[in-house]
Amino acid sequence: AQSVTQLGSHVSVSEGALVLLRCNYSSSVPPYLFWYVQYPNQGLQLLLKYTSAATLVKGINGFEAEFKKSETSFHLTKPSAHMSDAAEYFCAVSGDLGNQAGTALIFGKGTTLSVSS
Amino acid sequence: DTGVSQDPRHKITKRGQNVTFRCDPISEHNRLYWYRQTLGQGPEFLTYFQNEAQLEKSRLLSDRFSAERPKGSFSTLEIQRTEQGDSAMYLCASSLRTGGYNEQFFGPGTRLTVL
Numbered sequence: 014a015q016s017v018t019q020l021g022s023h024v025s026v027s028e029g030a031l032v033l034l035r036c037n038y039s040s041s042v043p044p045y046l047f048w049y050v051q052y053p054n055q056g057l058q059l060l061l062k063y064t065s066a067a068t069l070v071k072g073i074n075g076f077e078a079e080f081k082k083s084e085t086s087f088h089l090t091k092p093s094a095h096m097s098d099a100a101e102y103f104c105a106v107s108g109d110l111g112n113q114a115g116t117a118l119i120f121g122k123g124t125t126l127s128v129s130s
Numbered sequence: 333d334t335g336v337s338q339d340p341r342h343k344i345t346k347r348g349q350n351v352t353f354r355c356d357p358i359s360e361h362n363r364l365y366w367y368r369q370t371l372g373q374g375p376e377f378l379t380y381f382q383n384e385a386q387l388e389k390s391r392l393l394s395d396r397f398s399a400e401r402p403k404g405s406f407s408t409l410e411i412q413r414t415e416q417g418d419s420a421m422y423l424c425a426s427s428l429r430t431g432g433y434n435e436q437f438f439g440p441g442t443r444l445t446v447l
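Same order as they appear, the protein sequences are chains F and P. Take any residue in the first sequence, note its place counting from 1, add 13, and you have its number in the numbering used here. Take any residue in the second sequence, note its place counting from 1, add 332, and you have its number in the numbering used here.
These aren't lab readings, by the way, just hints derived from the structure by calculation. Some hints here could point you the wrong way.
[What the hints assert, rightly or not] EDC-like mimics (lysine to aspartate or glutamate), calculated; alpha carbons at most 20 Å apart, straight line:
| no. | chain 1 | residue 1 | chain 2 | residue 2 |
| --- | --- | --- | --- | --- |
| 1 | F | K122 | P | D418 |
| 2 | F | K122 | F | D98 |
| 3 | F | K122 | P | E376 |
| 4 | F | K62 | P | E435 |
| 5 | F | K71 | P | E435 |
| 6 | F | K62 | P | E376 |
[Said to hold, decoys possible] One side of the interface only, derived from the structure: several residues of chain F facing chain P at Cβ under 7 Å:
| no. | residue |
| --- | --- |
| 7 | G29 |
| 8 | Q55 |
| 9 | G56 |
| 10 | L57 |
| 11 | F103 |
| 12 | A117 |
| 13 | F120 |
| 14 | K122 |
| 15 | G123 |
Glycine included, C-beta positions come from ideal geometry on N, C-alpha and C.
Generate coordinates for the entire structure from the input sequences, incorporating the hints supplied.
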């Protein structure tokens, strides 16, 4: 069974500081991994995805994530936080469709990012 | 805008009433998903369609829930005899099967409040 654990339900940083949101996954099949962002009362927007190509993935708004198989991690980072980054962030995993391991995305519980000036 | 749309955005109902939500996916997408998100949690999968066929249902989808996608385009999610525990954000997503991965595009959600 697949699962996602996001360490830290709430992360606070100062504007201009490094953002690090942690995600560990469990999967019995080659995983596909995603980070989504959700602003209040809105749906989810895809930030970036790992699909077994490059292990360092760059996304929108200056975010990037690195897939580390040995650590089963897919942490999200951004070198310099901006006030507009304040939102809820979700890590998700999906199995390989070819293995019929599930087409649903399995989400973590989310991490709320606060950015102070 | 050709993104995923959902209607209504908000629904307030009394316990015991039936409610129906609609989702219009991105036009060329053949897969459509429903998720439920409660406060402070990540979205949880409910069900998905490939074209008009409902291929997978979660254990979360009780007998009071039914979903359809009659012509392989829009989908409806109906909840019968609503309970206070059904209060949540209901999210719809769509995708186009390409290669092996599953990039889903989400709509804005329908927030249901059961009084």
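Results of checking the hints against the structure:
1. Restraint check for K122 (chain F) and D418 (chain P): satisfied, since their Cα atoms lie roughly 18 Å apart, inside the 20 Å limit.
2. Among the hinted pairs, K122 (chain F) with D98 (chain F) is consistent with the structure: their alpha-carbon atoms are about 18 Å apart, no more than 20 Å.
3. The hinted pair formed by K122 (chain F) and E376 (chain P) meets the criterion: a straight-line CA distance of about 10 Å does not exceed 20 Å.
4. Restraint check: the Cα-Cα separation between K62 (chain F) and E435 (chain P) comes to about 8 Å, which is no more than 20 Å; the hinted pair holds.
5. The straight-line distance between the Cα atoms of K71 (chain F) and E435 (chain P) is roughly 16 Å, inside the 20 Å bound, and the hint therefore holds.
6. At roughly 19 Å between alpha-carbon atoms, K62 (chain F) and E376 (chain P) fall within 20 Å of each other, so this suggested pair holds.
7. Evaluation of the G29 (chain F) hint against chain P yields a violated restraint, the C-beta minimum of about 28 Å exceeding 7 Å.
8. Hint status for Q55 (chain F): holds, given a least beta-carbon distance of 6 Å to chain P, under 7 Å.
9. At about 4 Å, the closest approach between the beta carbon of G56 (chain F) and any beta carbon in chain P falls short of 7 Å, and the interface hint on this residue holds.
10. A cut of 7 Å between beta carbons decides the hint on L57 (chain F): the least distance to chain P is about 4 Å, and the hint holds.
11. Residue-level restraint check for F103 (chain F) holds (minimum Cβ-Cβ distance to chain P is 5 Å; threshold 7 Å).
12. Interface restraint check: A117 (chain F) against chain P, minimum CB-CB distance 4 Å, threshold 7 Å, status holds.
13. For F120 (chain F), the suggested interface contact is upheld, since its CB lies about 3 Å from the closest CB of chain P, less than 7 Å.
14. With a least beta-carbon distance of about 5 Å to chain P, the hint placing K122 (chain F) at the interface is held under the 7 Å criterion.
15. For G123 (chain F), the interface hint holds, since its Cβ comes within 7 Å of a Cβ in chain P; the closest pair sits about 5 Å apart.
Hint violations for this structure: number 7 only, all remaining hints satisfied.
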